[in-house]
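> Chains D and W, in that order, are what the protein sequence lines are. With the numbering used here, letter number 265 in the first sequence gets 265, and the count goes up by one each step, no holes. With the numbering used here, letter number 62 in the second sequence gets 62, and the count goes up by one each step, no holes.
Please note: incorrect hints may appear among the correct ones.
Restricting the straight-line Cα-Cα distance to at most 20 Å, the calculated cross-link-like pairs of lysine to any residue (SDA-like) are [stated by the list, open to error]:
1. W/Lys-225 - W/Leu-241
2. D/Lys-109 - D/Ile-224
3. D/Lys-109 - W/Arg-266
4. D/Lys-109 - W/Val-21
5. D/Lys-109 - W/Val-255
6. D/Lys-56 - W/Gln-134
7. D/Lys-56 - D/Met-36
8. D/Lys-109 - D/Lys-56
9. D/Lys-109 - W/Gly-68
10. D/Lys-109 - W/Ile-25
11. D/Lys-109 - W/Ser-24
12. D/Lys-56 - D/Ala-286
13. D/Lys-109 - W/Tyr-17
14. W/Lys-225 - W/Thr-140
15. W/Lys-225 - W/Gly-68
16. D/Lys-109 - W/Phe-14
17. D/Lys-109 - W/Val-18
18. D/Lys-109 - D/Ala-95
19. W/Lys-225 - W/Ile-19
20. D/Lys-56 - D/Arg-68
21. W/Lys-225 - D/Phe-269
22. D/Lys-109 - W/Ala-81
23. D/Lys-109 - W/Leu-22
24. W/Lys-225 - W/Ala-81
25. D/Lys-109 - W/Arg-16
26. D/Lys-56 - D/Phe-67
27. D/Lys-56 - D/Arg-266
28. D/Lys-56 - D/Phe-269
29. D/Lys-56 - D/Leu-71
30. D/Lys-109 - W/Lys-225
31. W/Lys-225 - W/Gly-136
32. D/Lys-109 - W/Gln-265
33. D/Lys-56 - W/Ala-81
34. W/Lys-225 - W/Arg-104
35. W/Lys-225 - W/Ile-25
36. D/Lys-56 - W/Gln-130
Treat the hints as calculated values from the structure; they're not laboratory data. This structure is a prediction, so every number in the text was calculated from the model and none was measured.
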Amino acid sequence: MTEVTTRTGRGNSPSAGRGRSQRGMWHAALWIGPAMVVMLFVFAYALVQLFTQSFKYQGEWTGWDNFRIVLTDPLFHTALAHNCELLLCVPVLIALALMLAIVLAETIKGHTWFRGVLFFPYILPVTVVGVVLGQLLTLNGAFNTALRDVGLNVLAQDWLGDPAIALWTMGGVIVWKEVGFGVVLFLARILSLPAETYEAASLDGAGFWRKHWSITLPQMTGVIAFYAVTEAIVMVSWVFNYVYIMTNGQGGPGDSTVVTELYIYRMAFADHSIELAAAAAVVLFALTLVLVVAFFRLQRKSLLAVVGE
Amino acid sequence: MAKISSTAGNVGSFGRYVILVLFSISALIPGYIMLTGALKTQEEFLSSPWSLPPHPTMTAFSTAISAGLPGWFVNTLVITAGSVAGVMVLAALAGWGFAYWRFRGRETLLGLIVSLMVVPPVVLLIPLFQFGAQLGWISTFRILIIIYVGLMLPFSIYLLANFFSAIPNSLLEAAQIDGASTVTIFRRIVLPLSGPPIATLVVVNILWAWNELLLALVFLQDPEKHTLMVGVASFRGRYSLDVPTVMAGMTLVTVPLVIAYLFGQRYFIQGLTAGGVKGE
Numbered sequence: 001m002t003e004v005t006t007r008t009g010r011g012n013s014p015s016a017g018r019g020r021s022q023r024g025m026w027h028a029a030l031w032i033g034p035a036m037v038v039m040l041f042v043f044a045y046a047l048v049q050l051f052t053q054s055f056k057y058q059g060e061w062t063g064w065d066n067f068r069i070v071l072t073d074p075l076f077h078t079a080l081a082h083n084c085e086l087l088l089c090v091p092v093l094i095a096l097a098l099m100l101a102i103v104l105a106e107t108i109k110g111h112t113w114f115r116g117v118l119f120f121p122y123i124l125p126v127t128v129v130g131v132v133l134g135q136l137l138t139l140n141g142a143f144n145t146a147l148r149d150v151g152l153n154v155l156a157q158d159w160l161g162d163p164a165i166a167l168w169t170m171g172g173v174i175v176w177k178e179v180g181f182g183v184v185l186f187l188a189r190i191l192s193l194p195a196e197t198y199e200a201a202s203l204d205g206a207g208f209w210r211k212h213w214s215i216t217l218p219q220m221t222g223v224i225a226f227y228a229v230t231e232a233i234v235m236v237s238w239v240f241n242y243v244y245i246m247t248n249g250q251g252g253p254g255d256s257t258v259v260t261e262l263y264i265y266r267m268a269f270a271d272h273s274i275e276l277a278a279a280a281a282v283v284l285f286a287l288t289l290v291l292v293v294a295f296f297r298l299q300r301k302s303l304l305a306v307v308g309e
Numbered sequence: 001m002a003k004i005s006s007t008a009g010n011v012g013s014f015g016r017y018v019i020l021v022l023f024s025i026s027a028l029i030p031g032y033i034m035l036t037g038a039l040k041t042q043e044e045f046l047s048s049p050w051s052l053p054p055h056p057t058m059t060a061f062s063t064a065i066s067a068g069l070p071g072w073f074v075n076t077l078v079i080t081a082g083s084v085a086g087v088m089v090l091a092a093l094a095g096w097g098f099a100y101w102r103f104r105g106r107e108t109l110l111g112l113i114v115s116l117m118v119v120p121p122v123v124l125l126i127p128l129f130q131f132g133a134q135l136g137w138i139s140t141f142r143i144l145i146i147i148y149v150g151l152m153l154p155f156s157i158y159l160l161a162n163f164f165s166a167i168p169n170s171l172l173e174a175a176q177i178d179g180a181s182t183v184t185i186f187r188r189i190v191l192p193l194s195g196p197p198i199a200t201l202v203v204v205n206i207l208w209a210w211n212e213l214l215l216a217l218v219f220l221q222d223p224e225k226h227t228l229m230v231g232v233a234s235f236r237g238r239y240s241l242d243v244p245t246v247m248a249g250m251t252l253v254t255v256p257l258v259i260a261y262l263f264g265q266r267y268f269i270q271g272l273t274a275g276g277v278k279g280e
């Protein structure tokens, strides 16, 4: 019954407090506790262990040695550079998703159907995407066959076998899979914009470009920023699956598609240099912290924008 | 839907459909190649990858199935069901804890949990693997299920806490006046109202757990314990001279997802637009 009296202090908005009573904390702990235990193990324990390990070698403290070795390893530089290059996919994703979302929003007939189809690649496992597209993009694969059939022989490439373009092919595959998410996200936002503004603009003689440039875009900054940060996170810390599948875990040809995650994975499980892998993982974690902060700041503002509140 | 353009604008209706059709085709092409490829022979596939199968054959499917797919399927089912059930229970409890009680540091704690979504799994992999090895839990489902639950929790708690916070106070107060306990309110009022977000989370989490590769690859070293993703990941190398079998394997892995997508599309799209993303 004590809950009842304290409970009534809660306002309608989530942040309106019922007072910071000690009791609230203990009650909340009972509900939140079980989930906290699991998260403390998976995140807190693991991160503490990782940091400790990155300063050790065979159980002995070695200071910054592991970091010195990793940070001067040319392959690690290559891996980081590849993640940075993949970040260039983010503006491409945004542009494509915006275009498709606007086109979809202007299309009345078959709108739901097209949205469903465009979103489809996003639900596929990376494993399937990697294997099937990897097969399509081989030297004599279906993609090149189609190019040759229409007389575009010059465009036919060894998409995944040529070190000069393998990483960009990989980027293209990621864009293919991820763009549907942006379309759905942007479309939800566009459809929540008041139709009157567009009608008024049309009456004033505003054309397609003017309307979207002056009305749609300014109201989408929140959701675009959210998508940009989310996809940046993908490019930095979720590309392992693509590379692993499409290059049989090698990051080849040569080291042309080695990314940071693969570097860490191979360091730990192929070379058995656990401590060096830990140091590399700490570096990756520090880099993602920048993204975490961006994400943390954005999530409140832009998520509300997404649901149109 | 809101009709945005009353005039056709510069990009006419025809141009719009051209764009949509082209992109839709590109979204569906790999699915087409996969499905038709699975029904062809190796020679047919190599000579004409784009054609419909001239003499559809199921040989590739039986080869893929005898490579171990049913066992992997059961393993994936157990891991997915176990981890999704676990995360739903824990996230519902925690979400209610955050939505109902006020306490010092609540906002910060919730924010911290949300930002955990961004931590790359590869960073957590090494210490968790060593922990599992110490306990002798490598190649067991329980360690993987616990880790999956942990990784799915941040997004799930965030979504449910937001939804629970939006439940009108008047409903809860009426029950309190009748003397209902917090647990009763949660079970009788909050949960029955939360069908849509729970359905959304179940769909999103099932897809995530079903598709996860990196952790399953590292933790399940015993071939008997492999999941579908780990199993078919090796197909390309194993059947490099038998593309139809590779395609058949991929088709079989994808079918349950397509079914889940067709039935849960609404919830899935809602979940992602309402809350963010978990990556692969």
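> Does the structure keep D/Lys-109 and W/Ala-81 at a Cα separation of 20 Å or less?
violated, 38 Å
> For the pair supplied as a hint, D/Lys-109 and W/Phe-14, confirm whether the alpha-carbon distance does not exceed 20 Å.
holds, 12 Å
> Within a Cα-Cα threshold of 20 Å, do D/Lys-56 and D/Leu-71 meet the stated pairing?
holds, 16 Å
> Given the hint that W/Lys-225 pairs with W/Leu-241, test it: the Cα-Cα distance must not exceed 20 Å.
Violated - the C-alpha atoms of W/Leu-241 and W/Lys-225 are around 26 Å apart, more than 20 Å.
> Assess, step by step, whether the Cα of D/Lys-109 is no farther than 20 Å from the Cα of W/Gln-265, and give holds or violated.
holds, 19 Å
> Does W/Gln-130 sit within 20 Å of D/Lys-56, going by the straight-line distance between their CA atoms?
Within the cut-off at roughly 15 Å; holds.
> Between the alpha carbons of D/Lys-109 and W/Arg-16, is the straight-line distance 20 Å or under?
holds, 11 Å
> Mind checking the alpha carbons of D/Lys-109 and D/Lys-56 for me, to see if they're no more than 20 Å apart?
violated, 63 Å
> When you check the alpha-carbon spacing of D/Lys-56 and D/Ala-286, does it fall within 20 Å?
holds, 18 Å
> Tell me if the straight-line CA distance from D/Lys-56 to D/Phe-269 falls inside 20 Å.
holds, 18 Å
> Take the C-alpha atoms of W/Lys-225 and W/Ile-19, compute the straight-line distance between them, and say whether it is at most 20 Å.
violated, 45 Å
> Is W/Lys-225 within 20 Å of W/Gly-136, Cα to Cα?
Distance ~15 Å between W/Lys-225 and W/Gly-136 Cα, so the pair holds.
This entry does not satisfy hints 1, 2, 5, 7, 8, 9, 18, 19, 22, 30, 33, 34 and 35, going by the numbered hints stated previously.
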